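*Asks:* Put together the whole structure using the sequences plus the hints.
These protein sequence lines map, in sequence, to chains A and B. Those letters in the first sequence? Residues 9 to 103, by the working numbering. Those letters in the second sequence? Residues 281 to 773, by the working numbering.
It is worth saying that the hints were derived from the structure and are not from the lab. Keep in mind that this is a model prediction, so the values were computed, not measured. Watch out, some of these pointers could steer you wrong.
To be verified - To list a few chain A residues with every Cβ distance to chain B over 10 Å, as calculated:
id	residue
1	A33
2	G78
3	D83
Unchecked claim - Computed list of lysine-lysine pairs in BS3-like fashion (alpha-carbon distance at most 25 Å, straight line):
id	chain 1	residue 1	chain 2	residue 2
4	B	K521	A	K86
5	B	K365	A	K90
6	B	K679	B	K664
7	B	K345	B	K298
8	B	K679	B	K550
9	A	K86	B	K377
10	B	K668	B	K679
11	B	K588	B	K698
12	A	K86	A	K100
13	B	K700	B	K426
14	B	K573	A	K90
15	A	K86	B	K629
16	A	K100	B	K629
17	B	K637	B	K700
18	B	K542	B	K679
19	B	K299	B	K365
20	B	K698	B	K637
21	B	K573	B	K542
22	B	K377	B	K637
23	B	K426	B	K698
24	B	K629	A	K90
25	A	K86	B	K637
As the list claims (entries may be wrong) - Just some of the chain B residues that point at chain A, by a computed CB distance under 10 Å:
id	residue
26	P381
27	S525
28	Y526
29	A529
30	P531
31	Y595
32	S603
33	G615
34	E619
35	G646
36	A662
37	N717
38	A719
By construction, the Cβ of each residue, glycine as well, lies at the ideal position given by its N, Cα and C atoms.
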Amino acid sequence: MSVSQDDVRRIARLARIAEPSDRIAQLTEELNGILDWVEMLGEVDVQGVEPLNTAVQTPLPLREDAVTDGGIVEDVLKNAPKSEEGFFVVPKSVE
Amino acid sequence: MTDFTTLTLHEALDGLAKKDFSAREAMEAHLDAAEAAQGALNCFSVIDREHALATADASDARRAKGEAGLLEGAPLAIKDLFAVKGVETTASSNILKGFRPPYESTVTQNLWNAGATMVAKTSMDEFAMGSSNETAASGPVINPWKATGSDEALVPGGSSGGSVSALAAGISYGATGTDTGGSIRQPAAFTGLVGVKPTYGRCSRWGVVAFASSLDHPGPIAKTVKDAALLTQVMSGHDPKDSTSYPGAVPDFAAAVGRSVKGLRIGIPKEYRLEGMPADIERLWGEGAEWLKAAGAEIVEVSLPMTKYALPAYYIIAPAEASSNLARYDGMRYGQRIEGDDLIDTYEKTRAAGFGKEVQRRIMIGTYVLSAGYYDAYYVKALKVRRKILEDFNAAFEKCDALLTPATPSAAFGIGSKAKASPIEMYLNDVFTVTANIAGVPAMSVPAGLDANGLPLGLQIITKALDEETMFTVGAAIEDAAGFTAKPERWWA
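*Replies:* The structure is reproduced here in structure tokens:
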């Protein structure tokens, strides 16, 4: 499988990265280089093999459903590019 | 007068305990050395004198009260991927410029609880994506080592390149790193240091900027195996804030250093013998096996047939996880924001300006392999290969107690020397290290010799999950036999 320049534009859109218009040709070539290389996995017989998400052998633990943190609005907002009166300020997203 | 730059961690702890020098004196010497070297090595992301001296004074105060911890007063260098409360933490990325975490990572908190002090934060490949530390937003880090008779600037390896460069230059007694595909072991091998990637889950990932969550391993870099064992011990432990943190007790890793390797079975995986591998590396690998044999270990040949598929599987799984993890950088809650025409435009402009080229490339690969129509062909397939790689290790560890392999396929290379090559050529740096990330098993690199150009080479020891003790025992035996004492000639300050 390989990607076209249009595919790369679509991937950039999905990834929410402004279209790198001056680098589309080069990026397409690089992504295809990587995709060609990973094609090697086609040689492996994975019939009946279950996917492995993690090397952790123990089941995920459950904790008590209790409030353990909070009341730190100032800390939470400290690094915000814009905030006002205890809220993040973001560009208008609903008409 | 003490030359602070030549001591090991254990020697420094000894000097601090005997009151030969105070934590403040050690810190002042390290800060002076850091400031003097920064122009030449570019290995630090933050040198905050006031913060560093405050950590040293607090340590002296604890010692005066008789409350000295295991690492009391020892200055460490902290990779910029670890959140340190109130100190700028950017993962060497423009998108996090100015971010000062209001919290502390669990691993660094464990170090501070044991009395360690922080000299500085270290540069890295942006978001830990790289093998040469050339992708840092603040520019490349320089290796203190140079080839004999050459003045060419070399890479320190990556992504924990700032940490190894600082430590190899004697500007700390240990450093933290993170290893997603080899980012602790490869740079340690390039700089004549010991690098440890413990079992997945030993060291909490909480407060460590995420790259690929199922592959990210925090761990230490040190001058000796014994120093590395102590640092691993302090950094490890169960953390309820990381659901993948291992709940069992942490063994006394330092006690494993110096145990006999007599009777241990050391596996030599034949698939690690690559075509075109430098002769020096092949020779050193053979010597390593001979050293262990002479110390009483049994050498057995084993097979890990999936080895060559580990790197391509990694370059599907890691970018997939990264594309998801890095979705959080949208310019809304922290970091840099570039205002656009609307919300989507703001996201897109922020991310295009904030992420470097390699990070963008990996996010895009990850986005593609997770997208509708390609998910099964790429992502699920890679996860199936991942299970086969784990099964390889399980089968090998029925025949042996530890694996011995080269750490890297080459010694340190020149800055910019791979700039024209395809990204894959850089990715191949991790060909020997990445398998242990995929399987989550512990692995370390130990400096074992110099190549014909006078540059350090490392050997890697891999053991089964949770058996770091055997890894440290074998690592120490290699260290003993190799007698590696070479140091880079001081040119940087």
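*Asks:* Can you give the numbers of the hints that this structure goes against, from lowest to highest?
*Replies:* Violated hints (numbers, rising): 3, 14, 19, 25, 29, 30; every other hint is consistent with the structure.
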